[in-house]
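S.K.: In case you want the letters, here they are:
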Amino acid sequence: MATIQEIVSRETPLAPGHRMCAGCGISPIVNTVVAASDKPVIIANATSCLEVTTTIYPFSAWKIPWVHLTFENAAAVASGIETAYKSLKKRGKITDDVNILAFGGDGGTYDIGFQALSGALERGHKFMYVVYDNEGYMNTGNQRSGATPFGASTTTVPAGTHSFGKPQWRKNIVEIAAAHRIPFTAQAAVHNLLDLYNKAKKGFGADGPAFMAVLQPCTTNWHYDSELTIAYSRLASETNFWPLYEVENGKVHINYKPKERKPIEEFLKGQRRFKHLFKPENKHVIEEMQKMIDEEWERLLQLEAAQVRF
Amino acid sequence: MSVTKPLTGAQATAEAMRQINPDVVVAYPITPQTPVVEFFSEFVANGIVDTETIPVESEHSAMSATVGAAAAGARAMCATSSQGLALMWEVVAATPGLRLPIVMPVVNRALSAPINIHCDHSDSMGAATIGWMQIFSENAQEAYENMFLALKIAEHPDVLLPAMVLQDGFITSHGVENVKVLGDGIVKAFVGDRNPDRYLLDVKHPYTIGPLALPDYYFEIKRQQEEAMINAKRVYLEVGNELSRLTGNKYPYFEEYRTDGAEAVIVVLSSAAGTAKDVVDELRNEGKKVGLIKPILFRPFPYKEMREALVKFAVVGVLDRSMSFGSYDPLYADIRNSLFESERKPKLQSYVFGLGGRDIFKSEIRQVFNELLSGNLDSEHHKYIGLRG
Amino acid sequence: MADKKGWKDLMRGGDLPAATSVQYKTGSWRSLRPVFDPSNCIHCMICVSYCPDMAIPTKKTDEGVTGKAGRVYKGIVRLETDFDYCKGCGICATECPTKCITMIREEETVESSSR
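Keeping their order, the protein sequence lines are chains A, B and C.
To convert, note that position 41 of the first sequence is 40 in numbering that gives the first Met the number 0; the numbers rise steadily by one, no gaps.
To convert, note that position 138 of the second sequence is 137 in numbering that gives the first Met the number 0; the numbers rise steadily by one, no gaps.
To convert, note that position 29 of the third sequence is 28 in numbering that gives the first Met the number 0; the numbers rise steadily by one, no gaps.
One or more of the hints may lead you astray.
Claimed, not checked - Dumping the calculated DSS-like pairs for lysine-lysine here, alpha-carbon to alpha-carbon at most 27 Å:
(1) A:K200 with C:K58
(2) A:K200 with A:K256
(3) B:K303 with B:K344
(4) B:K4 with B:K249
(5) A:K38 with C:K59
(6) A:K268 with C:K98
(7) B:K249 with B:K276
(8) B:K249 with B:K179
(9) C:K98 with A:K261
(10) A:K200 with C:K59
(11) A:K200 with B:K203
(12) C:K7 with B:K303
(13) B:K232 with C:K98
(14) C:K98 with B:K203
(15) A:K282 with A:K200
Stated by the list, open to error - Residues of chain C placed beyond 12 Å of chain A at every Cβ, according to the derived structure:
(16) V34
(17) D36
(18) E62
(19) K67
(20) A68
(21) D83
Unchecked claim - Computed footprint of chain C on chain B, listed as stretches where at least three residues anywhere in the stretch have a Cβ under 8 Å from a Cβ of chain C:
(22) 90-98
(23) 200-208
None of these hints come from the bench; they were simulated from the model.
Glycine included, every Cβ here is placed at the ideal spot set by N, Cα and C.
Just chain A, same shape as in the assembly (with noise of 0.2 Å):
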């Protein structure tokens, strides 16, 4: 078994100077998934914050080998670095072993990437693509995405006199990923390091394409202060708003079942895009909420039960 000590030992992938708004998380997520890799890591990165904080000319954050093309082809991308590599091994051009990674988020990967994400994961390219999640299109700021929260007050669907935020529950990516029949999918957040880390080594070792999606609360646009992005990941998965769990095989395990679940609240609460939810004509939004979250925990549990293959 890893630990922290192990992970923060290993070189990162990025260097500071990078220019992500204080307390996000995406650069713990991104040192974190590298760490996980034996071998150097080649990375393709959708049109994102990542790759706009940590590209921003002449200055480049990146160690390794990184490569930007546009928003919603990271995976087709990372499906010809890997064709390449095969290619170019096969050939004798090249000797060192790689991992291939890819990065977007959640806009560049639930949305307008959907469809490369999965003609990769359907042709089975040997990568792992990695969405961090901060539940809209943050980079442009707050727009609503397929990945954004019901109840979520976006500018593009704004709560108002006439609007509680985004009707709709978001997408289950995850589900969709692991019902490509890969190898392996895994949902994540960026409090619990290690088992992001344990997770990435999975999906490196993994014989084909591996998917992980990982919470990543974002402090400028959910607009809570900078040292609780932590803290909000952390509630996200104890409300069981976002489980932790990984589709090995086709098969569910949960990696964390709270003792106790915490009501919705907890984690609503303090961010401005759930604000609205709390003036009393919006309580049967949370009411719905919390009874969708509890529906969504229970058929997880049944699929862990069952451990009928995806």
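Chain A is already provided as a structure; the job is to place chains B and C on it using the hints.
M.R.: This is chains B and C only, laid out in the frame that chain A set:
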């Protein structure tokens, strides 16, 4: 050291790709390009090449995966047409900025709407300003040889830009011609291996590709890209001379056909030039002083050389197989531009023909020549060939 | 603009060398400053692992350093925060299990004027 094979234009392109044996080929179907990747995939399936292929789920991913492979260090190719080029446009536009020497055969097809699968040039003309070299092919033979030409120019250290090799959909891509195919060893020696000076898979020398450049640097990076395009014009002739030694053919910026002493000249791209040459022959036999110019290197456009060629003539008719709505048609605009510095200018007439695959007949080209010789011209408005009134 | 390179001197294609961001000192963003009390630290590495700015340096030590309750901690230990890069987010202070990091306003520090 060459054999003659009956090949379609698409087969000829696939044959060139077989001989190049790229590290990675990305395949996605779109009429009329599809047979290019089909024939190539057959070579792979039968072990004739050991290229790794990626059968992607869209053209957007086709270009993206090709860029990923090229950035990783591979010699990578994909092919497309029309809607496919339109879908991948975002990535097509990003590729020259990254200076990746990708060669992409483009089989010209009309752009929707209305949807149409036949030839015109509206697809690639829409992508003529974003930094790809464009080399047009009249027939299968040229489509074959231009692949080697394009590859060597693209990978030249002074250039490092992507290139489209264009041929006319169906007319060239699906028509069978006798094609002189070079020996495999000759091609192999000519194209060699791609040896990039830096690439992602060289993990001991990490670097960053595709950063965010803001107003303080974007302009300079684009200026570099233009320099590469300027160099491409020179390198085109150098590589053409090398290739000439193998094929015996010439690789000028444009072909001048029977222009000696010509009064009226037609400028036309690709397969229609073949038809027009027949008409030139007939009219010359009748004693009329006519000729033809067939541009081959369309990007970068050889303005100076074109001007020097055109000033000799009294009248020039430019036949475009696409329209540039609200402005002069693309080929015409460049021809017109090329003459600005010249005090002596031929009279000009713009024509549009063949949209959506409409045939152009010899009789119509003959009529164009007659019109040009009659001097009844209007250089500010195009005329239509073969359009019902 | 004059201190920036001209077009002929930039790497081809907008490429950048690795890790040039170290020249960009994000410490100037900071309004709160983490004050680290080594005498109460257990060198658990939680702050290091969460630090979004790689601003908590570590070292490996066989002789160890003295931390909480006078105990000597060996192996990997944390050092003083790197104020060139620390943006002052406060995650380290919030997540520290022994509360050995305190956030104070920059203007309350003597050193702040030089940072």
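S.K.: Does each hint hold? Answer for all of them.
M.R.: Going through the hints against the structure:
1. A:K200 with C:K58: Judged against 27 Å, a Cα distance of about 25 Å means the pair holds.
2. A:K200 with A:K256: Satisfied, since the Cα-Cα distance of roughly 21 Å is no more than 27 Å.
3. B:K303 with B:K344: holds (14 Å)
4. B:K4 with B:K249: With a Cα-Cα distance of about 21 Å, the restraint between K4 (chain B) and K249 (chain B) holds, given a limit of 27 Å.
5. A:K38 with C:K59: Satisfied, since the Cα-Cα distance of roughly 23 Å is no more than 27 Å.
6. A:K268 with C:K98: holds (24 Å)
7. B:K249 with B:K276: holds (17 Å)
8. B:K249 with B:K179: With Cα atoms ~14 Å apart, K249 (chain B) and K179 (chain B) stay inside 27 Å; holds.
9. C:K98 with A:K261: holds (25 Å)
10. A:K200 with C:K59: OK: K200 (chain A) and K59 (chain C) at ~24 Å, within 27 Å.
11. A:K200 with B:K203: holds (22 Å)
12. C:K7 with B:K303: Measuring from Cα to Cα gives roughly 25 Å; hence the hint holds.
13. B:K232 with C:K98: Violated - the C-alpha atoms of K98 (chain C) and K232 (chain B) are around 67 Å apart, more than 27 Å.
14. C:K98 with B:K203: violated (41 Å)
15. A:K282 with A:K200: violated (42 Å)
16. V34: holds (14 Å)
17. D36: D36 (chain C) clear of chain A: closest Cβ-Cβ about 17 Å, beyond 12 Å.
18. E62: Consistent with the label, E62 (chain C) stays out of reach of chain A, its closest Cβ about 17 Å off (over 12 Å).
19. K67: holds (16 Å)
20. A68: holds (19 Å)
21. D83: Violated, since 7 Å does not exceed 12 Å.
22. 90-98: Coverage by chain C holds for the region 90-98 of chain B (3 residues, Cβ < 8 Å).
23. 200-208: Held - the region 200-208 of chain B has 4 residues with a Cβ nearer than 8 Å to chain C, which meets the minimum of three.
When the structure is compared with the earlier hints, violations turn up for hints 13, 14, 15 and 21 and for no others.
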